[in-house]
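Asks: This is what each chain is made of:
There are 2 protein chains.
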Amino acid sequence: MLSSFKRLLIGRPLKSTALGEQKLNIFKALAILSSDALSSVAYGTEQILIVLSTISVIAFWYSVPIAAGVLFLLAALIVSYRQIIYSYPHGGGAYIVSKENLGEKAGLIAGGSLLVDYILTVAVSISAGTAAITSAIPTLHQHTVLIACILVVFITILNLRGLTESATILAYPVYLFVVAIFLLIGVGVYKISTGNVSPTVHHAPIGAPVQGITLFLLLRAFASGCSALTGVEAISNAIPNFKDPAPKNAAKTLILMGSLLALLFAGITFLAYYYGIAPSRDETVVSLIAKETFGRNYLYFFIQGTTAVILVLAANTGYSAFPLLAFSLAKDKYMPRMFTIRGDRLGYSNGIVSLGAASILLIIASQGKTEHLIPLYAVGVFIPFTLSQTGMIVKWFRERPAGWLAKLSANLVGALITLTVLLIFFITKFGQVWFVVIFLPLIVLLFLRINKHYEAVGEQLRIYPEHPAIPIEGNVIIVPVAGITKVVENSINYAKSLTDQIFAVYVSFDREDEKRFEEKWEKWQPDVRLVTLQSHYRSVLQPLSKFIDTVEHKASENNYQVTVLIPQFITKKSWHNILHNQSSLLIRAYLIFKKKVIVATLPYHLKK
Amino acid sequence: MLSSFKRLLIGRPLKSTALGEQKLNIFKALAILSSDALSSVAYGTEQILIVLSTISVIAFWYSVPIAAGVLFLLAALIVSYRQIIYSYPHGGGAYIVSKENLGEKAGLIAGGSLLVDYILTVAVSISAGTAAITSAIPTLHQHTVLIACILVVFITILNLRGLTESATILAYPVYLFVVAIFLLIGVGVYKISTGNVSPTVHHAPIGAPVQGITLFLLLRAFASGCSALTGVEAISNAIPNFKDPAPKNAAKTLILMGSLLALLFAGITFLAYYYGIAPSRDETVVSLIAKETFGRNYLYFFIQGTTAVILVLAANTGYSAFPLLAFSLAKDKYMPRMFTIRGDRLGYSNGIVSLGAASILLIIASQGKTEHLIPLYAVGVFIPFTLSQTGMIVKWFRERPAGWLAKLSANLVGALITLTVLLIFFITKFGQVWFVVIFLPLIVLLFLRINKHYEAVGEQLRIYPEHPAIPIEGNVIIVPVAGITKVVENSINYAKSLTDQIFAVYVSFDREDEKRFEEKWEKWQPDVRLVTLQSHYRSVLQPLSKFIDTVEHKASENNYQVTVLIPQFITKKSWHNILHNQSSLLIRAYLIFKKKVIVATLPYHLKK
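So the sequence lines, in the order shown, correspond to chains R and U.
Counted the way numbering that gives the first Met the number 0 counts, the first sequence spans residues 0 to 607.
Counted the way numbering that gives the first Met the number 0 counts, the second sequence spans residues 0 to 607.
Rather than coming from a laboratory, the hints here were simulated on the basis of the structure.
One or more of the hints may lead you astray.
Which copy is meant is left open, so a pair is good if it fits within one copy or across any two.
Derived pair list, reagent style BS3-like, types lysine-lysine, alpha-carbon separation capped at 30 Å [stated by the list, open to error]: (1) 495 <-> 593; (2) 545 <-> 594; (3) 428 <-> 251; (4) 519 <-> 485; (5) 545 <-> 495; (6) 330 <-> 251; (7) 607 <-> 332; (8) 485 <-> 545; (9) 485 <-> 594; (10) 495 <-> 595; (11) 330 <-> 522; (12) 607 <-> 485; (13) 553 <-> 607; (14) 428 <-> 247; (15) 572 <-> 332; (16) 519 <-> 451; (17) 332 <-> 514; (18) 251 <-> 606; (19) 572 <-> 595; (20) 572 <-> 485; (21) 607 <-> 22; (22) 495 <-> 594; (23) 485 <-> 495.
Chain R extracted, bound-state conformation (with noise of 0.2 Å):
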């Protein structure tokens, strides 16, 4: 029954050779991969804005220049990962990139972050994309966690459906979100150059001084706007996904994926500005613009729908990236095994579902408020944009390929800016993104505790043909005996089958008792050696270890191995188990966690 719940949610198993179809086409995967960056314009402006607002209204001209710089870390940045993606096509992003070309522990610095970072980016649209809707329909308001969870799980389940069927569908709302944006820009930028802007639009000119201003703020509010970035490196770790050409394919969609999001982040910003819209904690800004714009009729109501579907489809971009990193970690033995292992419909389920786990978690501890998380989300982003390109520099100055160069000066500006914003992301919101400092270590060293325990793992079942194994002499096979029935009759001819070494041992509570199994033993196996033990304490468990272990040391002497036959009654309804002691599962557990003996289990299956 479980199981085909199970297949009504995820579909029936597909067979590993389907792989090849599952692969992406530029135009599903820009819908797939860009989703988080392209979501991003819902709030990257209004970051700026919201620091600018603490000094005053006029202060909001400067969101067009800091916007440019921006725009021109955007271009950097897009610059120095295409060369990243042809430098590595099979994937991996800025953990690969800072393994190879920093070491390991800047590899696990840039793959930690970034593990913890598609946490953020699920848990963080998600919530965004259920204050979207909540503030679209106020009632829904008190039950934002639950929404929030609900909307988790349902990408949970469409990401372990499959890739191609979750593109298939994630594709439309990513276009139409791209089409809205640019007809409210589009028919904005009409009506301004037509003068027909409501009359009630105010904005200081561009340059007007402002009384107050500080550079520590305007560095502020350049990191805020630094939020609209998040989810540009997609791309570049998840190449291994493309088709053929895939390191082709992945280039050009990167660069479509940028070219959309300067032109929406320009056109918003712009917007922003010229219609003088000071942020507010009851409506977006993009709402706001696109009230100004079209009032509140149906294009405004499909503004505000597409780009809440958009926020929450923005989390998918974390199940795209999540579950790879995830598998290039665990292949590397830094993670657990399992999440090198593709589920019934070949994604990787167990980094889906921890993805998913891990989000909800998220989402209720903040009770579904992103304030406090977006710096931390972006400051995550920044630490391996900034490896991964510092990464590059030492690849090209290593291996000084034709026009290497050039290719050193793209990626060195890409660093000296990305480790810019860091450091002015530590300097000015510190307070909030803190706890980075502290967590990031100590994921690094479980890392290498994890790893440490796969190569000392390995170490220990290396074979050295030089030196095989002694071969085993012979073997004794120990079987507890409770009494006189049909199970202990099946282990005895089945000990007997493989050699004539054999103790049936029976614990005795009191001497009557075991003089009288004796004879009776006597008479019904008299070629089987009985050994009876007293148990002062009634006590199974305390003889029987004791006994293993003399037998044990004598037979390992002699190159024998000792193995213990342990029945187990098999119910054939599972409220009947309460009815029989379960001490057989006891005693297995005990020996095979602390005896050097092989424990075999000989099932009997109660036929009522």
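Position chain U against the provided structure of chain R, taking the given hints into account.
Replies: Same frame as chain R, now just chain U:
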């Protein structure tokens, strides 16, 4: 750590031979087994007065003849139970007497209602005791349920430590209570006889006409008064706990208990009548009598304190009786076998713990309020009373020993009276006791189903020496292998030492991998057959299971036994477990439950 905590709580294990030392002398037995019956004095009179108070204070004089009736019933019960003790010196009480003389179902009805009754004993007594404490210290009132649960846990631990130790602790308070109530009665009677009674008290003379009194109401009052008789049967169930000569000591204890109970109940009822005490919601009748006799001085608190303590300790009667009855039922295969096992301190730990847990559930469900539990409790007692008396009648009639007619008459009187009380209960309090009518048949049905299962298992396990099992001709060992490692080497070596029919099975996910592995294997273990299975859906279990079926089918035709050898990593630290696929556990569980193969586990102890 857990085990040393257990040691601290319940003490070191005792040898089985220490069992004799734990037996009870009369002094201790009276304390342990009578606290339930004696503590009924604390509420018996009150129950009568509550019913009479629905008419008028003049009706209170009826409490005297009603109490006389209850005392007559008590005498009849003591005489009957004395005969039962001598006829059934091995104990078991109502369950055994009913089963032997009236048949299986009557026995199970008696046993089932007694089991439930013991749980009610604990819940009611502890709740009443807690109420006495919280009346004395009103600030504790809000924690009633918590206090009651802590008391149950405390008594459970005492009982897990062992019978004698609890007896020593419990003997003094019981005797203190007896002394306290005698003191109260003595001083009260002295004051009355010397005319020193406060002039405010009034009582109607016995025989005064009462308006509106009905037979139904008087019967109801009588039935309520019978709650003072709960616990009388405890001694006859616990004869094996007595020092030799057990039946004689038990009979003596029974007479002592009956006399004490009669004196205390008569005294309290007389004082309540003479003082003209009306039951109150805020104060118990005993408390009102004590206040009237002593005023609120230290003697009053002595009475209240000992009453509270004996009520709490009355629960202990349940702890003496429940595990023994559960043992009898389990020995007869009507309850799970685990109730027959003695724990570290020689008590039947499973019974003790089950009783504690069930009582805590009842206390939580009833929120520590006893009003609705008491009628259920009383009716649960009178069902086995009636059944055991009836059983004795049948026994005397069948066996006809010397003087059987007198003995039969005694039990006949007992049976008629208890049946009458039972009928009165069902007629006058059906709204509170209907639950019994539904629950008892269900529990009897459960007993019968458990019995059926054990009988079926016994039949399946029986050995018929004339039909010995067919010996096993040879062995096939299947070794699932995941690579070429030390673990696989150990497994193959072990298999080789047992048989030459070995299949190493490798499940591969693609052709290339399969070919590569086959070549490596050929070089490494040329003399061991390797079977490679293709898994299109990345499941190891499915192809393996199919292969095992094929081998098993072939093997069973030739009387060969199939063994599947599964390696299992035993990690040094428990968190390491998450780093290894637990597929070996899954495969083992699946094979044990679904197949007729023996599953041998080869533990591989990781050193790091």
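Asks: A separate judgement is required for each hint: does it hold in the structure or not?
Replies: Hint check:
no.: 1; hint: 495 <-> 593; verdict: both (26 Å within a copy, 25 Å between copies)
no.: 2; hint: 545 <-> 594; verdict: within (11 Å within a copy, 32 Å between copies)
no.: 3; hint: 428 <-> 251; verdict: neither (35 Å within a copy, 85 Å between copies)
no.: 4; hint: 519 <-> 485; verdict: within (15 Å within a copy, 44 Å between copies)
no.: 5; hint: 545 <-> 495; verdict: both (24 Å within a copy, 28 Å between copies)
no.: 6; hint: 330 <-> 251; verdict: within (28 Å within a copy, 79 Å between copies)
no.: 7; hint: 607 <-> 332; verdict: between (48 Å within a copy, 16 Å between copies)
no.: 8; hint: 485 <-> 545; verdict: both (27 Å within a copy, 28 Å between copies)
no.: 9; hint: 485 <-> 594; verdict: both (28 Å within a copy, 18 Å between copies)
no.: 10; hint: 495 <-> 595; verdict: both (22 Å within a copy, 18 Å between copies)
no.: 11; hint: 330 <-> 522; verdict: between (60 Å within a copy, 27 Å between copies)
no.: 12; hint: 607 <-> 485; verdict: within (15 Å within a copy, 43 Å between copies)
no.: 13; hint: 553 <-> 607; verdict: between (42 Å within a copy, 27 Å between copies)
no.: 14; hint: 428 <-> 247; verdict: neither (38 Å within a copy, 87 Å between copies)
no.: 15; hint: 572 <-> 332; verdict: between (42 Å within a copy, 17 Å between copies)
no.: 16; hint: 519 <-> 451; verdict: between (56 Å within a copy, 27 Å between copies)
no.: 17; hint: 332 <-> 514; verdict: between (58 Å within a copy, 25 Å between copies)
no.: 18; hint: 251 <-> 606; verdict: neither (66 Å within a copy, 51 Å between copies)
no.: 19; hint: 572 <-> 595; verdict: between (34 Å within a copy, 18 Å between copies)
no.: 20; hint: 572 <-> 485; verdict: within (20 Å within a copy, 40 Å between copies)
no.: 21; hint: 607 <-> 22; verdict: neither (52 Å within a copy, 41 Å between copies)
no.: 22; hint: 495 <-> 594; verdict: both (23 Å within a copy, 22 Å between copies)
no.: 23; hint: 485 <-> 495; verdict: both (15 Å within a copy, 29 Å between copies)
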